[in-house]
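Undergrad: Sequence:
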Amino acid sequence: MPKLEIVSSFSVGLDKIDLNKCKEKGIRVTNTPDVLTEHVADLAIGLLLAVLRRICECDKYVRKGMWKTGDFKLTNKFSGKTVGIIGLGRIGLAIAKRAEAFDCPISYYSRSEKPNTNYKYHSSVVDLASNLIDALGPKGVLVNIGRGPHVDKPELVSALVEGRLGGAGLDVFEQEPEVPEQLFGLENVVLLPHVGSGTAETREVMADLVIGNLEVHFLKKPLLTPVVWMINIVTLFLVLNIKRSLLLELVELVQSRKYIIVIVDSLGTEPISCPQWAGFFGPPAAVHWGRAGEQNRLLRILCRNYEKLAEIMGKDRDLKLKGFFAYFCSKIRRMAGTVFFKI
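Residue numbers for the sequence shown follow the numbering used here, beginning at 515 and rising by one.
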């Protein structure tokens, strides 16, 4: 397709698109971000309620005429139960807010502590619970609305079959549409076919974005949700005994006007002073600093220097503030433990 100008994707994920080839060919790419948070959060709470109150079982009980034989067995309440959330991003926060309405105490693990929340923060999953499934116990419920591989499938199946885990609500699986057959006969498990974002409202918004991006492209206007090319950022997780040879290599990269440097002190000691490094790298470097995990602080610093960043990256079209920070934040979260990382 030699005349292809734009790929307007009907999805958030970009794993099916060859982004490098698109950039090489000058093909614009858009996706449909920030449209499913509320819907996935609704489903997460729905799964908790369905498992604890045995809603699916109750439905079958009535349909099969078993109600005439006697009352259904007792179930468990959701309100007031402790809720643990792995990852307090947009969806995690939306789930937490809904759980608050049920008077649930909330604990969470995230790569950094979130400001303006009263939730109990755990800096590592091990701190939250060294073995989450065992920690939940025979009265606990595990809900997965993220990714199938996030949960150890054999251990989950074993815990449910043996009664070490009280129940599970699963919307995602490791090798979809394959689902472990051992789960089919378990009454304390609710299985869904990956429908977290599968609402008419979500699909309508996604369709509007796809069409809207095509319209503005052919009208020569800015794209609504562009995928931002950020291949010219280097993030350095700086250790105190870093070799000078590596710093010299970084200087060459910066002076070639192909890279921007973001410096982070991964040891969590005193922040590195900007003047100390700005002088070393020299113009046109955009040098920023902060402690590892301080994504919010880094983003604020970058925001104050956005015009400079845009100037340096001027050749990259469709650079938008929102897309830039969303992309940067997602990348920095994936770089934990990295000493030198080139996007």
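Hints are not guaranteed to be accurate.
Unchecked claim - Listed below are the simulated EDC-like cross-link pairs for lysine to aspartate or glutamate, each with C-alpha atoms no more than 20 Å apart in a straight line:
#, residue 1, residue 2
1, K578, E701
2, K653, E676
3, K537, E552
4, K574, E690
5, K611, D556
6, K634, D617
7, K735, E519
8, K735, E715
9, K653, E571
10, K587, E701
11, K517, E676
12, K591, E538
13, K591, D722
14, K634, E614
15, K595, D617
16, K595, E519
17, K530, E690
18, K653, E669
19, K653, E701
20, K628, E690
21, K628, E614
22, K734, D722
23, K537, E519
FYI, nobody ran anything at the bench for these hints, they're computed from the structure.
Undergrad: When you check the alpha-carbon spacing of K611 and D556, does it fall within 20 Å?
TA: holds (11 Å)
Undergrad: Need the status of pair K517, E676: alpha-carbon distance at most 20 Å?
TA: violated (59 Å)
Undergrad: Would the hint linking K653 and E676 be met if the CA-CA limit is 20 Å?
TA: holds (13 Å)
Undergrad: Between K530 and E690, is the straight-line Cα distance small enough, at 20 Å or below?
TA: holds (16 Å)
Undergrad: Check the hint pairing K537 with E519 against an upper bound of 20 Å on the C-alpha distance.
TA: holds (11 Å)
Undergrad: Verify the proposed pairing of K537 with E552, using a straight-line Cα cut of 20 Å.
TA: Violated - the C-alpha atoms of E552 and K537 are around 32 Å apart, more than 20 Å.
Undergrad: Are the Cα atoms of K735 and E715 separated by 20 Å or less?
TA: violated (26 Å)
Undergrad: Need the status of pair K634, D617: alpha-carbon distance at most 20 Å?
TA: Holds. K634 to D617 sits at ~14 Å (cutoff 20 Å).
Undergrad: Does K591 pair with E538 here, judged by a C-alpha cut-off of 20 Å?
TA: violated (55 Å)
Undergrad: Would you check the hint for K595 and D617, treating anything up to 20 Å between C-alpha atoms as holding?
TA: holds (8 Å)
Undergrad: Does the structure keep K653 and E571 at a Cα separation of 20 Å or less?
TA: holds (17 Å)
Undergrad: Keeping to a limit of 20 Å between CA atoms, is the pair of K628 and E614 held or broken?
TA: holds (16 Å)
When the structure is compared with the earlier hints, violations turn up for hints 3, 4, 8, 11, 12, 13, 16 and 20 and for no others.
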